[in-house]
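Top line first, the protein sequences correspond to chains A and B.
Take the first sequence: its letters are residues 1 to 244, numbered as in my numbering.
Take the second sequence: its letters are residues 1 to 177, numbered as in my numbering.
I should point out that these hints are in silico values taken from the structure, not numbers from a laboratory.
Hints should not be assumed to be uniformly reliable.
As the list claims (entries may be wrong) - Cut-off 27 Å, straight-line C-alpha distance, at most; resulting in silico cross-link-like pairs (BS3-like, lysine-lysine):
1) B:LYS129 to B:LYS108
2) B:LYS129 to A:LYS72
3) B:LYS108 to B:LYS177
4) A:LYS72 to B:LYS92
5) B:LYS108 to B:LYS61
6) B:LYS177 to B:LYS61
7) A:LYS72 to B:LYS86
8) B:LYS86 to B:LYS108
9) B:LYS92 to B:LYS177
As the list claims (entries may be wrong) - Take a look, some chain B residues computed to stay more than 10 Å from chain A by CB distance:
10) ALA35
11) GLN63
12) GLN110
13) LEU176
Using N, Cα and C, we set each Cβ at its ideal position, and we do this for glycine too.
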Amino acid sequence: MLEAFQTIFAPPRHMILLIIAAWLGVSLAERNSESTGVGKADINNLAFHGFIAFVVGGRISYALQHMGIFGKSPADILSINPDLFDPLGGIAAGFIAVLVYSQRNNIGAWNAMDALTPLFAAIGIGLGLSRLASGGAFGIPTDLPWGIHLWNATRHPTQIYDALASSLILALVWRFKPSLRPGLLFLTFSALTAFSQLVLQAFRADAILIFGGIRQSQVMAWVALATSFVLIEARSSSKNQKAG
Amino acid sequence: MDRTHRVILYTLILIAGAAWIALASDASPAETLSAPQTGFYAPGFTLQTLEGETYTLSDFKGQALLINMWATWCPPCRAEMPAIEKMYREYKDRGFVVLAVNSAFQDKTQDIPAFALEYGLTFPILLDKAGEASRAYRVASMPSSYFVNPQGLITEVVIGGPMSEALLRARIEEALK
């Protein structure tokens, strides 16, 4: 079954899974629009502006980090190669675009992030499935019965762990939505995602190691988790002060 | 839950998280297997050129490589050949080698000389007559390109194309490190 899945969605077709996930995520965000106070048209516009900024920002960030290379063939900044891309730069640009759009259209920044939370969670599921199809983000060898045969070894199915964790997070944030103050839905999603990555990154075989064996991705997840806790507390305190 | 209880809970979770990071650092992620994936040793092969010259992958240990799986009937393969040839000429003095593996088991080998002449290709073109290399590299789409560092480890896999000069430069520089 895994082999058939990997054949059908072999790279570059694995990107289809991400596109489907993003489309479903936008649909879920629209369904959730009433509880976040952001209209359906604004949700579509936020997703559209965020996506365009993600693509353009990711390419510009990559080009800035490789100025010498693009200096020799500047036209390649418009190349269709998706590999010439910096995902972190893209995410930063996407967030900035969402914030700018929300400010210009009098939508609270936290409301905008809450409105897009189902989209982020759905993309998490799509990312896990697309990595399962491509064989990326593979796990360390294991003799556990649910191990999958990948890259000449039986390994932890880290991509499936990621997809399941993201599914669970989506179900949780979907359930918690109505009573929360703006921002808490997104911050809860961030904390749950950071926590799941803190746990699951331990099973990844392609980790970058720092300080003699510590996984960089786990340290980043820990920092993201701590930051989410601080922001959740700040938002909750602000609510209490206002209530008082 | 009041604020004090929440802060205690956050602190406990973060302490447990830090302990988990320390515990997970024992598991070494280093791979010693060969597989067509970044971080693994490039699967070996022995193939011949049209002229009957034999090339074995292990002979290139100590050099950065681009293993490019292609066919004459594949439009993106054709489109990226000029850029690959240009990069080969630019980087070969630094020990960079291109091994263009033609999927001869699903291509017309008689078309290859005209193809090489049309694009002025000077790097070796190897014939995968039995599909041995394609199977080892699990080629599902063409072109498929594997950048290999001097230690024999795959540093990057690019599926599909055409690859631009900038992408080739970035990946070659990475492989040469």
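Kindly indicate which numbered hints from before are broken by the structure, ordering the numbers from low to high.
2, 3, 5 and 10
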